[in-house]
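**Q** Each chain, letter by letter, is given below.
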Amino acid sequence: ELKVEQNPLFLSMQEGKNYTIYCNYSTTSDRLYWYRQDPGKSLESLFVLLSNGAVKQEGRLMASLDTKARLSTLHITAAVHDLSATYFCAVEDDKIIFGKGTRLHILP
Amino acid sequence: DAGVIQSPRHEVTEMGQEVTLRCKPISGHDYLFWYRQTMMRGLELLIYFNNNVPIDDSGMPEDRFSAKMPNASFSTLKIQPSEPRDSAVYFCASSDGQGAWEKLFFGSGTQLSVL
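From first to last, the protein sequence lines are chains A and B.
First residue of the first sequence? That's 1 in the working numbering, and the numbers climb one at a time after it.
First residue of the second sequence? That's 1001 in the working numbering, and the numbers climb one at a time after it.
Chain A extracted, bound-state conformation (with noise of 0.2 Å):
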């Protein structure tokens, strides 16, 4: 059974700091997604990841997977309070299964 672990689960931290969200998962996929969810509210896809080595970047955000460690990372650069959210990974299998979330708190 495909299984999908993030951590930190949950994450407060000051304006400004750089931190890395890490995704693990138990399968051989090389399929990875990212999104986002506001508090009360749905889900917005960030990234998606199709192969070993996909790098993806958008603002201060950059996803990226490595298939033979089977990790992908969520690096935050100079956090801001608007990247206040919880972030979830996805990874594609015969179906898509959900990690638990890293709720983000940033500081301001």
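Take the hints with a grain of salt, since some may be wrong.
What the hints assert, rightly or not - Derived pair list, reagent style PhoX-like, types lysine-lysine, alpha-carbon separation capped at 20 Å: (1) B:Lys1068 to A:Lys41; (2) B:Lys1024 to B:Lys1103; (3) B:Lys1024 to B:Lys1078; (4) A:Lys3 to A:Lys68; (5) B:Lys1068 to B:Lys1078; (6) B:Lys1068 to B:Lys1024; (7) A:Lys56 to B:Lys1103; (8) B:Lys1103 to A:Lys41; (9) A:Lys95 to A:Lys3; (10) A:Lys100 to A:Lys3; (11) B:Lys1068 to A:Lys95; (12) A:Lys56 to A:Lys68; (13) B:Lys1078 to A:Lys100; (14) A:Lys100 to A:Lys41; (15) B:Lys1103 to A:Lys95.
Read the hints as simulated data drawn from the structure, not as lab findings.
Start from chain A and add chain B according to the hints.
**A** Chain B alone, transformed into the frame defined by chain A:
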């Protein structure tokens, strides 16, 4: 496009009652997914359809849950009878499945409270 449309946004019902959640996927999307989100379990995939046909319903928790997709623009998730432990946010999502799943487009969700 209006995106994935779910109704109702909120549903409060009493234990034992039938609940029907509705979803209209994005036009042209061949895949439709139902997820359930709770604090304890996170996002769980309940069932997904391809071209209106249920492909994998292994996530449906019990026989009390059923889902249908009578046509490409409409799906329902029904719980009968409902129980307090069914309280959760239920999301519908669709994708065009071009080559891979690519990304899912989520609806706004239905917040279900079973008293």
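**Q** Compare the structure with each hint and give your call.
**A** To see whether the hints hold, each was checked on the structure:
no. : hint                   : verdict
1   : B:Lys1068 to A:Lys41   : violated, 25 Å
2   : B:Lys1024 to B:Lys1103 : holds, 17 Å
3   : B:Lys1024 to B:Lys1078 : holds, 15 Å
4   : A:Lys3 to A:Lys68      : holds, 16 Å
5   : B:Lys1068 to B:Lys1078 : holds, 9 Å
6   : B:Lys1068 to B:Lys1024 : holds, 12 Å
7   : A:Lys56 to B:Lys1103   : holds, 14 Å
8   : B:Lys1103 to A:Lys41   : holds, 17 Å
9   : A:Lys95 to A:Lys3      : holds, 12 Å
10  : A:Lys100 to A:Lys3     : holds, 10 Å
11  : B:Lys1068 to A:Lys95   : holds, 18 Å
12  : A:Lys56 to A:Lys68     : holds, 18 Å
13  : B:Lys1078 to A:Lys100  : violated, 25 Å
14  : A:Lys100 to A:Lys41    : holds, 16 Å
15  : B:Lys1103 to A:Lys95   : holds, 12 Å
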